[in-house]
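Enquirer: Full structure from sequences and hints, please.
As a plain string of letters, each chain reads:
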Amino acid sequence: MSGAIDSGDTAWMLISTALVLLMTVGLGLFYAGLVRSKNTLNTFMMCLSALGIAGVTWALVGYSLAFDGEGAIIGGLGNVALSGVGFEPRGDGTIPELVFMAFQGTFCIITVALVSGAVVERMRFGAWMVFAALWSVLVYAVLAHWAFGGGWLAAQGTLDFAGGVPVEMASGFSALAAALVVGARKDYGRQALLPHNAVYVLLGAGVLWFGWFGFNGGSGLSTGDPSVLAFVNTMLTPACSLITWFVLDLIRGRKVTAIGAATAIIVGCVLITPAGAYISPGWAMALGFVGALPCYAGIMWRPRTRVDETLDVLAAHGVAGFTGILAIGLVAQVGWNGVADGLFYGDAGQLGSQAVAAAVAPAYAFVVTFVLLKLLGAVMPLRASEHEEAVGMDVYAHGEEAYVTGEGAILVLHDREEKQRPMVADPG
Amino acid sequence: MKLVIGIVRPERANQVLEALYRAEVRGLSISRVQGHGGELDRVETYRGTTVKMDLSEKVRFEVAVSDSFVEPTIEALADGARTGEVGDGKIFVVPLERAVRIRTGDVDMEAVTPVGDQ
Numbered sequence: 001m002s003g004a005i006d007s008g009d010t011a012w013m014l015i016s017t018a019l020v021l022l023m024t025v026g027l028g029l030f031y032a033g034l035v036r037s038k039n040t041l042n043t044f045m046m047c048l049s050a051l052g053i054a055g056v057t058w059a060l061v062g063y064s065l066a067f068d069g070e071g072a073i074i075g076g077l078g079n080v081a082l083s084g085v086g087f088e089p090r091g092d093g094t095i096p097e098l099v100f101m102a103f104q105g106t107f108c109i110i111t112v113a114l115v116s117g118a119v120v121e122r123m124r125f126g127a128w129m130v131f132a133a134l135w136s137v138l139v140y141a142v143l144a145h146w147a148f149g150g151g152w153l154a155a156q157g158t159l160d161f162a163g164g165v166p167v168e169m170a171s172g173f174s175a176l177a178a179a180l181v182v183g184a185r186k187d188y189g190r191q192a193l194l195p196h197n198a199v200y201v202l203l204g205a206g207v208l209w210f211g212w213f214g215f216n217g218g219s220g221l222s223t224g225d226p227s228v229l230a231f232v233n234t235m236l237t238p239a240c241s242l243i244t245w246f247v248l249d250l251i252r253g254r255k256v257t258a259i260g261a262a263t264a265i266i267v268g269c270v271l272i273t274p275a276g277a278y279i280s281p282g283w284a285m286a287l288g289f290v291g292a293l294p295c296y297a298g299i300m301w302r303p304r305t306r307v308d309e310t311l312d313v314l315a316a317h318g319v320a321g322f323t324g325i326l327a328i329g330l331v332a333q334v335g336w337n338g339v340a341d342g343l344f345y346g347d348a349g350q351l352g353s354q355a356v357a358a359a360v361a362p363a364y365a366f367v368v369t370f371v372l373l374k375l376l377g378a379v380m381p382l383r384a385s386e387h388e389e390a391v392g393m394d395v396y397a398h399g400e401e402a403y404v405t406g407e408g409a410i411l412v413l414h415d416r417e418e419k420q421r422p423m424v425a426d427p428g
Numbered sequence: 001m002k003l004v005i006g007i008v009r010p011e012r013a014n015q016v017l018e019a020l021y022r023a024e025v026r027g028l029s030i031s032r033v034q035g036h037g038g039e040l041d042r043v044e045t046y047r048g049t050t051v052k053m054d055l056s057e058k059v060r061f062e063v064a065v066s067d068s069f070v071e072p073t074i075e076a077l078a079d080g081a082r083t084g085e086v087g088d089g090k091i092f093v094v095p096l097e098r099a100v101r102i103r104t105g106d107v108d109m110e111a112v113t114p115v116g117d118q
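Residue numbers (the working numbering), protein chains in the order written: chain A, 1 to 428; chain B, 1 to 118.
Some clues are possibly wrong.
Said to hold, decoys possible - Simulated restraints on C-beta separations:
hint: 1; chain 1: A; residue 1: 387; chain 2: B; residue 2: 110; range: 38 to 48 Å
hint: 2; chain 1: A; residue 1: 259; chain 2: B; residue 2: 21; range: 36 to 46 Å
hint: 3; chain 1: A; residue 1: 297; chain 2: B; residue 2: 35; range: 39 to 49 Å
hint: 4; chain 1: A; residue 1: 190; chain 2: B; residue 2: 94; range: 42 to 52 Å
hint: 5; chain 1: B; residue 1: 88; chain 2: A; residue 2: 355; range: 53 to 63 Å
hint: 6; chain 1: A; residue 1: 243; chain 2: B; residue 2: 105; range: 44 to 54 Å
hint: 7; chain 1: A; residue 1: 194; chain 2: B; residue 2: 95; range: 51 to 61 Å
Keep in mind that the hints were calculated from the coordinates and are not lab data.
Note that beta-carbon positions come from the ideal geometry of N, C-alpha and C, so glycine has one too.
Expert: The structure is reproduced here in structure tokens:
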């Protein structure tokens, strides 16, 4: 039984898909600014590579495993290589299934890119690409099926509007596992390893917030009330988490920090991701104010540990996603979402359903990522040598530099006759 | 009174700073320089353009010291910077004619002795 295509819904979903795709580039900028300058390109490329890798695995198998059929654990293989995915809507949707597939694909891409934050500055690029391909299917597609594709989590009542389970908790807890298996950077805990360009971080955060309007605002798969509510909440929650961050920064160091502000924007966007269309704007603001607290604590505490989860994916995404998922169980209102009430409005059962997701999704993501990387590590080295790490991943992995001066660069001429006459590149 | 100049790998600069600190050598300046000391060229490619990078990033330490501090400074520079690979850098020691501390007008030995040690 398929519904009729709605041109307004389709137009919005086409735009949303492009918005979410842009987020991966924004994330690359955000991450690149947070690392040392010698690892700028490698860090950016880890994100960018997800566009290729997860884009392909999603079309080949990921989409089918996530969205074909209503199996409890995993979808079917009916849509492998996009067979049967066309202009007709999926189920009772109002947009072509092709658009739905592309929209969900951009989620898979950014989630894979998010995990890279745990292992930047030392993981080999080749090993990363193999890991990214496998993770996009074994972790993302499975959790997307559980939460969005009719799997057991959704069936037992878990509400997850835009990806608290497959995107935020999956990336956050996988990041922890990845950091533990790959190990800390060689200088971690011995030298100050500082962000090299705070402006990239701020601009990246801005691009991410912008894209998140498509991420959350598109997750209603229409232009209906849920999308409108999620869109507006995507403006409100990060605004409130920014204020919380300002205050905590002031209390802690008497100064409001820029990189803290960029982090607060991400945390706010993550907080509202699962809860987007289920809670009122007022509660969305409260979630921004309060939900930022555990994330702030996590980000302050983690560098004091020996776990080099480098860019704090766990605190910013795992913890915030966890908080957002539970928040639905507390403050959801039928009056706003037409689906379910939370504990505060008389339904303790909803909190239970949310708690199941908050317990199982992190465990699944952590365990599968841990085992996957252990197995991968048995057949290929996961990290660069100390020397390569010292020289920097840009030169070592890509043969390029982010901030090349051109001084001392000698042109290698490919023409055989010209080979004897090397030219010095113009430094200007 | 000597000026000790050490040209080292940027990735070893922190170890050198630590070693100098431990040798109680205070008062130094560093600058980023580019140089070539016989290490292998790195090949980089930008679209269709392939280049050999003849110059590598280095960090140049300049430390003005009294004579008794020359050896500890050299040792600290060498210990901090050494990896054993070609390209570890060089240390040059040159005589220093005069030194002036701008704030006080102190000259020579007083000028190169850290304030706390006077």
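Enquirer: Now, for every hint given, state plainly whether the structure supports it.
Expert: To see whether the hints hold, each was checked on the structure:
1. A/387 - B/110: 38 to 48 Å: 43 Å, holds
2. A/259 - B/21: 36 to 46 Å: 28 Å, violated
3. A/297 - B/35: 39 to 49 Å: Since residue 297 of chain A and residue 35 of chain B have Cβ atoms about 46 Å apart, the given range 39 to 49 Å holds.
4. A/190 - B/94: 42 to 52 Å: Distance hint for residue 190 of chain A, residue 94 of chain B is violated at roughly 33 Å.
5. B/88 - A/355: 53 to 63 Å: 57 Å, holds
6. A/243 - B/105: 44 to 54 Å: At 52 Å between Cβs, range holds.
7. A/194 - B/95: 51 to 61 Å: 38 Å, violated
Hints 2, 4, 7, counting from the list given before, are not met by this structure.
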